[in-house]
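Heads up: the sequence lines are chains X and L, in that order. Heads up: the first sequence at position 169 corresponds to 169 in our numbering, and the numbers run straight through without jumps. In short: position in the second sequence from 1, add 1000, done, that's our numbering.
Simulated from the structure, these hints should not be mistaken for lab results. All values derive from a computational prediction rather than experimental measurement. Heads up, some of the hints might be wrong.
For each label pair, taking beta carbons as the anchor points, the in silico distance ranges come out as [what the hints assert, rightly or not]:
1. Asp-1261(L) - Leu-278(X): 25 to 35 Å
2. Pro-1262(L) - Arg-91(X): 24 to 34 Å
3. Thr-20(X) - Arg-1334(L): 26 to 36 Å
4. Ile-1079(L) - Ile-176(X): 25 to 35 Å
5. Gly-1329(L) - Val-279(X): 22 to 32 Å
6. Ile-1088(L) - Val-279(X): 30 to 40 Å
7. Leu-196(X) - Arg-1308(L): 10 to 20 Å
8. Ile-1088(L) - Tyr-337(X): 19 to 29 Å
9. Arg-1264(L) - Thr-118(X): 26 to 36 Å
10. Ser-1275(L) - Gly-119(X): 34 to 44 Å
11. Ile-176(X) - Tyr-1099(L): 19 to 29 Å
12. Arg-238(X) - Arg-1264(L): 30 to 40 Å
Stretch-level coverage of chain L by chain X, calculated; a stretch enters the list once three of its residues show a Cβ under 8 Å from a Cβ in chain X [stated by the list, open to error]:
13. 1236-1242
14. 1376-1386
Think of the CB as a built atom: it goes at the ideal place given N, C-alpha and C, for glycine as much as any other residue.
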Amino acid sequence: MSTMAVPDIAVAPVDEGFWTRSRKVGLTLLGLGLLSAVLFGALATDQQARFTLSDDAAGAALEINGTIGAILFGIIAIAAGAALLAGVPKRWFLPVLAVGLVGFVLSFLCWQISAAPTGQNFMPLVNIIRGTFILALPLIFGALAGVLCERSGVVNVAIEGQLLMGAFSGALFGSISGSVWVGLVAAAIGGAFISLLLAVFAIRYLVDQVVMGIVLNLLAVGVTGFLYERLMQTDAARYNSAPRFSNWEIPLLKDIPVLGPALFRGNIFLYLGLLLVLVIHIALFRTRWGLRTRSVGEHPIAADTLGVKVLRVRYRNVLLAGVVAGIGGASYTLALYSFTKNMIGGKGFIALAALIFGRWNPTGALLAALFFGFADQLATYLGAISSSIPSQFLAMLPYLATILAVAGLVGRVRAPAADGKPYIKG
Amino acid sequence: MSDSPNPQSGSPDKEPASEAQAAQNALGNTERAEVATEPDRPATKPEPGSKPSLGRLFLDNLWAANTFTVTLLSLVLAIVVGAVLMIISDPDVLSTYSYITSRPSDAINSSWTLVSEAYANLFKGSIFDPEAFSGWLDGANGWQAVLAPISETLTYAAPLVFTGLSVALAFRGGLFNIGAQGQATIGVIMAALAGFLLPLPPGLHLLVAVLAGALGGAIWGFIPGILKARAGAHEVINTIMLNYVATYFLTWLIVQNGVQDPTRTDAISKAVDTSAQLPRLLGDNLRVHAGILLAVLATWAVAWLLNRSTLGFELRAVGANPDAARTAGISVTRTYILIMVFAGILAGLGGSNMVLGSTASALTPLVVAQIGFDGILVALLGRVKPWGVLLAALLFGALQAGGNRMQSYSGISLELVTVLQALIVIFIAAPALVKAIFQLRAARAARLQTSLAKGW
């Protein structure tokens, strides 16, 4: 294929009639609100639902009667749904939707907390927020790796493999050297190694990028699993006992109520992840590098005509993505756990989902990752208060949300135009 | 998604032809011309009555461009890389390399012993074990021991044939079915439920259980199919997501009352009734079961469907160029849905194989193993042709079966098999690399690969 023609996207102004997307979403939200007000209200008990501002039941708390809370927050969701149905200005769509969804979640929580066994009618907010961020962390790194790759037009399904390889080499070389920093660098190189394979095969040998991603994931699982059994299982003390980053407290910020103990007494990866979101967002939309990356991802021929080295930009971005994902993998082995076989366990694919749900945008990916992390944390929490909701259904939430998103129910999701299409200089 | 230029139209049936596809058409034409002008090309089966489509040409070219050599050399390369991995992960062997300049024979000998023993066990566990054969001649063991490796290979290959066909069929229709894993998971659930919940007579029970598995897969294939056809949602994303939904559903279902084995506390379901189990072919001592026969039958059916039926023609036409197919009066919407349903049926049958065959007889969280993901590799290795898929599945089955022996006899982790499988497919996907390494005659296969790449 000598030329890469990008289809003209002629978005004709289509008259959608009364049932615009906003109205459909509003109707759905209205239904959810009704459901929560009636059903959750009926199921909730008269216990006080307490949201404590600490790690446990002690301390100050926001409390509300379970039944009243479930109904009240349900009504908020109804109101938001009705507002969308009545028609709100476009820029108000997202805030109103957010208010409605938060109302729905709070109504649900009021029911669950008030129906919990006596003595457990509380939700420790610090704990929940910290857990959300910890669980979201590999997703944030993974989704950022996806952003870097896909914005330059290379589909990155290999996030899982990059995370896994990062986790593995971080653990291995961290253990051998006894230094967290060596481990961190090794993790970055490990992730970049998988990226290098992806880049060479996708850019140089024009292998289908999705195929390559899937195969690389299997390769990473195989190689790390093999070496884990041969090295780490036989001599864990030598090969699988990496030192860990200790928690760093940030002065001043750590004293903020709730957020301070939840976020600003964490480890380096948390700060690094949040910082990277900011840096990549600014770099992508405000710098020359970002403009080139986006142009290569949207219309490589035009970029090439203007003198941008398309393939070089792609190589660089894919490798950078591997570095980011590798560090994300290290956030497991250099901070939390020792390495185990296939320890990423699908997080790379949720990161891919976060990337798509966040519309190929660093900040969007962050929010999506936090949402998925919250769903994950909620599943753990509900399990702890022996809820009637099976944790598996909450675990499905990120995947279902992504399916709804790409089906166009939560807004139009559009990938970079040249994403996945190899560029052959003609 | 981005591949629908006019998202408001809702159905891809109404989309205008895009430049990219026009370019693809042009590509198809030039290649057709090249094929005609190249005399030394081995005769590609001419199909009377049907013009060669782009997908067809792509596949024919892949086969024609010395596929056999590339496949063989990919295998060799994978085996070499595997050997390197074995050596660098063995501290005893590695230590001999510290004095390789003074006594190179030590390093070479120990490496050779390690690697040759491991690969010998791989062979003995999957194809033929000379010791068992001589034992049979001496009367030390029965004939079963001689056939045991082959029986294991066929047992592992059977489900992979189905999932491989599932992926290959969707590929030919221009869809990338990463969801074979999820479809097989739902298939396994339905087959097992039918297997232990329905009180049916033998024979009928088996038939119902197998069909239940197919139905489960069909449902799970239908969802991304209709989402692709109606909303333009990319099937790669949706099938990945549905894989996980299916897995969580399985782990939830296993521990429900009426499903969980009442005598157990861990996550395992009741066992499938014997009346619903696939009969074993070579007696109870050998695991090979009727699933492999079904797999051959399915291969034949898919080959017929693709090459001889109207639906197959439409499917290939849509796969080659959806806009041209639409112009020709083929309903792309309907074809997309049908492709995914058929792919789901095949993957669901693969799932039924896992629980109705001899691999397992009850649901566990890992009952499906990796057959869906392995199916992707099998389909690629088989060059997305039905009979090629069958051969590829046999190779992968052999690697699995041999890997088990390699693990227990040589202590080489089974993960090495995953590495080998991934490497084989990586090398096959990049024939240009293989040709560069072995200095083969230049081929155009690498360029053809681009026609698969469609992005999101």
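Here is how each hint holds up against the structure:
no., hint, verdict
1, Asp-1261(L) - Leu-278(X): 25 to 35 Å, "violated, 52 Å"
2, Pro-1262(L) - Arg-91(X): 24 to 34 Å, "violated, 58 Å"
3, Thr-20(X) - Arg-1334(L): 26 to 36 Å, "holds, 29 Å"
4, Ile-1079(L) - Ile-176(X): 25 to 35 Å, "holds, 28 Å"
5, Gly-1329(L) - Val-279(X): 22 to 32 Å, "violated, 53 Å"
6, Ile-1088(L) - Val-279(X): 30 to 40 Å, "holds, 37 Å"
7, Leu-196(X) - Arg-1308(L): 10 to 20 Å, "violated, 44 Å"
8, Ile-1088(L) - Tyr-337(X): 19 to 29 Å, "holds, 25 Å"
9, Arg-1264(L) - Thr-118(X): 26 to 36 Å, "holds, 32 Å"
10, Ser-1275(L) - Gly-119(X): 34 to 44 Å, "violated, 51 Å"
11, Ile-176(X) - Tyr-1099(L): 19 to 29 Å, "holds, 21 Å"
12, Arg-238(X) - Arg-1264(L): 30 to 40 Å, "holds, 38 Å"
13, 1236-1242, "holds (count 6)"
14, 1376-1386, "holds (count 3)"
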